[in-house]
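Colleague: Here is how the chains run, residue by residue.
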Amino acid sequence: MSTPALKTDELIDDPSTKVIVCCGSGGVGKTTTAAALAVRAAERGRKTVVLTIDPARRLAQALGLRELGNQPRRVEVDGFEPEGDLSAMMLDMRRTFDDMVHAHAGPEKAKEVLANPFYRTISSSFSGTQEYMAMEKLGQLAAGGEWDLIIVDTPPSRSALDFLDAPQRLSTALDGRMIKLLAGPAKAGGWGLRKIVGAGFSLFAKAVSTIVGGQLLADASAFVQAFDSMFGGFRERSTRTYELLRSGGTAFLVVAAPEPDALREASYFVERLAGESMPLAGLVVNRTHPVLAELPGPEALTAAEALERRGDSPLAAAVLRLHADRVSVAQREQRLVARFTRAHQGVPVARVPAMPSDVHDLAGLRQIGEQLSAG
Amino acid sequence: MARARLHVVTGKGGTGKTTMAAALAIALATGGRRVLLAEVEGRQGIAQLFDTEPLPYAEQRIASAPGGGEVRALHVDAEAALLDYLSMFYNLGIAGRTLRRMGAIDFATTLAPGLRDVLLTGKIKETVGRTGDNGRHLYDAVVLDAPPTGRIVKFLDVTRAMADLAKVGPIKGQSEGVVRLLHSDDTAVHLVTLLEEMPVRETLDAVAELDGADLRPGAVIVNRVRPPRLPARSVTSAAGGRVDASRIRTGLETAGLDLDEDVLDGLVAETVEHAIRVQAESTAREHLAESDLPALELPEMTDGVDVAALYEMAEIMVEQGVR
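Same order as they appear, the protein sequences are chains A and B.
Start counting the first sequence at 1; every next residue gets the next number (the numbering used here).
Start counting the second sequence at 1001; every next residue gets the next number (the numbering used here).
If you are wondering where the hints come from, they were derived from the structure by calculation, not from laboratory data.
Between beta-carbon pairs, the in silico distance windows are: (1) A:Gly346 x B:Thr1052: 28 to 38 Å; (2) A:Phe231 x B:Glu1176: 36 to 46 Å; (3) B:Glu1053 x A:Gln225: 41 to 51 Å; (4) A:Gly233 x B:Val1307: 49 to 59 Å; (5) A:Glu271 x B:Ser1282: 38 to 48 Å; (6) A:Gly346 x B:Asp1303: 20 to 30 Å; (7) B:Thr1052 x A:Glu108: 52 to 62 Å; (8) B:Glu1053 x A:Ala103: 41 to 51 Å; (9) B:Glu1253 x A:Pro298: 16 to 26 Å; (10) A:Ala103 x B:Val1307: 47 to 57 Å; (11) B:Pro1056 x A:Ser229: 38 to 48 Å.
Interface residues of chain B toward chain A, partial, derived using beta-carbon atoms under 8 Å: (12) Glu1197; (13) Arg1226; (14) Ser1234; (15) Asp1244; (16) Gly1251.
Here the structure is a predicted model, which means the values were calculated and not measured.
Ideal Cβ placement from N, Cα and C applies to all residues, glycine included.
This is chain B alone, in the form it adopts within the complex:
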């Protein structure tokens, strides 16, 4: 993780991709670094997470990190990026705004599926490469809240596909730079997953697909890990429905709890479900190990994710070696 400057965070829908991207940005900024957290899917997930106004198409400070670090956030808007891009080559004047109102830009970006992604990845590349007055990189790291696993390779490799379309001119030079960055050691693609069958399967598929496309998988980020409560030796029998209710009753009585039969039955049922889940999770963990990637584990936040929880998760990431 240490070497990359662009951290692409993907994952199956519902695994907490945006949350993990934000926590990772804070973790990377810890100790005085400057990190950009960017989103490209037009859903303002970052603003919702940090409980602020919708982000404009501009980089602005959204959080500070322990040790004097800073996280800035950017909502990359394809339309704005296109106008931005055209203005590098053409003087559109007020026509730009009119075209936007007509929906012409939206049209152009939907006409060529992939043009939108070219613009988005182009903008990300620009932020990664940008240097400050001192000639050093403006951002120590850029964290991208990327499209979900199902689309990630297509998204990252769109520029290579489109490069064949534009054979000459400024667009070619620009897209070659994007391809170079995304396929270099400067870029790592992290995969967020839960310890459940489907997300794990998608993660492994995505790793294979990334390898096939010569993109670099980074770490697997396992989100919402719940503590196993049962003693390890009890899990298998409990998962099979064998729970020693009378031993539990005796134990509870020792603790001064004298419970009705139906409450005890409920506790037993909860225990069986818990054990089945613990077993499924350990199978999922074994499967994940097949990917041979470093893993980060983040605990479930039972009270939900707020800004304080983001800092807590960033701290856990730092403890697990993120820097």
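In isolation and in its complexed conformation, chain A is listed as follows:
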């Protein structure tokens, strides 16, 4: 069975596509893919916003993002006339969290929560906060109804799955059952549980408080009490965003580099999306090295060796050798992608050739957008 080509232009032109989520493991060029797609979608007439998480500085500058804004800003384009409109924003995780607290609590309560040391820790360095806030921001942008198309980059995590799992993890941390149990099992009505676990639990609670520090646990407990009334609202919002991700208007693009690790992560993610009934649009393999001249590698090598033996035409010999190198790299990349497509038949694939140098302006993003649409 042949692998279908991923048609990104059809995807971004389709008015029913409202959200595109670019996911994949760290270092595969997700942000660049998201930005390039957004530029192209705007150029082709859609009112587009791209939500980036942690763009490289020069890419951020290319999008006119000099600092964290937390609100979309219009991108001034140069050198072409988009039929639509392009805006971009960089996620400010802390501010998004603060805004959520303000939205769900009265001024007094909000003040109390924001001042809590445990809140400060969890809103800036908890391992799932960035993912959770990316989801929250996506939910806000979608609810505003201002955009035809929202393109989301996902946090630079080790695993692509973190994006889907982190909100749940944060939810568990915030819902407070555990904190209540640890801080005061009796008060929390954890008797049933205590009976099961017995004295071990008291020991455990004691051990945890020794390790994490009694003060931290007390702060955590105070935070949870203050947060309790807001929690329902938080959970409701994250459930709604999760539903948005499963809806027909959303498309996931899994991004990978032609490397075993990145493609393995891509595989996990594709399986997970299927398990969650989330709509997969296809796989984007970034930075491939297609062969540009039809000349078999061994033939090039034989000729290079012949030239080198005679000691003339060093330039031609060098050209033959660099071509042979390129053939081996291309073959390896093809093998790796083929392994993926065998396991996931029918998943459309687009390959984006490596640019000889880094992309850091709109012209470069447009070029990548063209490569993407060419599949």
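Chain A is already provided as a structure; the job is to place chain B on it using the hints.
Modeller: Positioned in the frame of chain A, the structure of chain B alone reads:
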């Protein structure tokens, strides 16, 4: 590199950190030494690299090294480390397992961000300091496949941050030992990079950050170095798009290759891309030199990395002075 006993290997995502850590472990074990290769990120990268079953939370032999050396591997699991740790002070009995099932331990390690890292670095310290029956260190060296450059200083220095939380008790004594080891000459932090702009920038940032935190950068490990094919004098003009196609055609004809115009065009395009890359690589190399750290260079493995390639890279490291 010679003095360190704990080799921390970090790098930007996608630079081949795990591969370099494994090759370094084999290189250090060469000549009859015993080396532990440890990973802490729960992704079983070592098992995948050596093509074996997922590693348990136990040290087991994973490879032998030339000259009678041995590499053992350990997948450090934060939950297991926490239970391990608690059992030093408390008798949890079966409660430990129940708590684990409830997710209480996962919770405790996520409650205090950093607790997980404290446990992981604590376990590493224990393996570095462990002695055998003869009173000598059980491992001649420990190689840690560490978190990526963006998180490395936070990871290594978490114990110092947490030490303020636990002001007394066994935890304090334990964390002081970890801080001492990580800031001593026994520890070297090696940075894996590619000759590309972003990884090089991250490497230099990480070096500055390590210096600032009084941690010791070791070597820069440059991975996937590709051979420059063009004669040096042709690079600049080729990168600018000026390639003498007719000279190439003549040369190819001498070698008996009579190619169509479009094939020749393709070869020229490949040559231009190659030259641009060679230029970018030499700029990257110049930037790396600013760090003033010793560098190891490992070639790109065009056919991919398998166990044989790991041994090949270890040999190259030994040739470049790793021991």
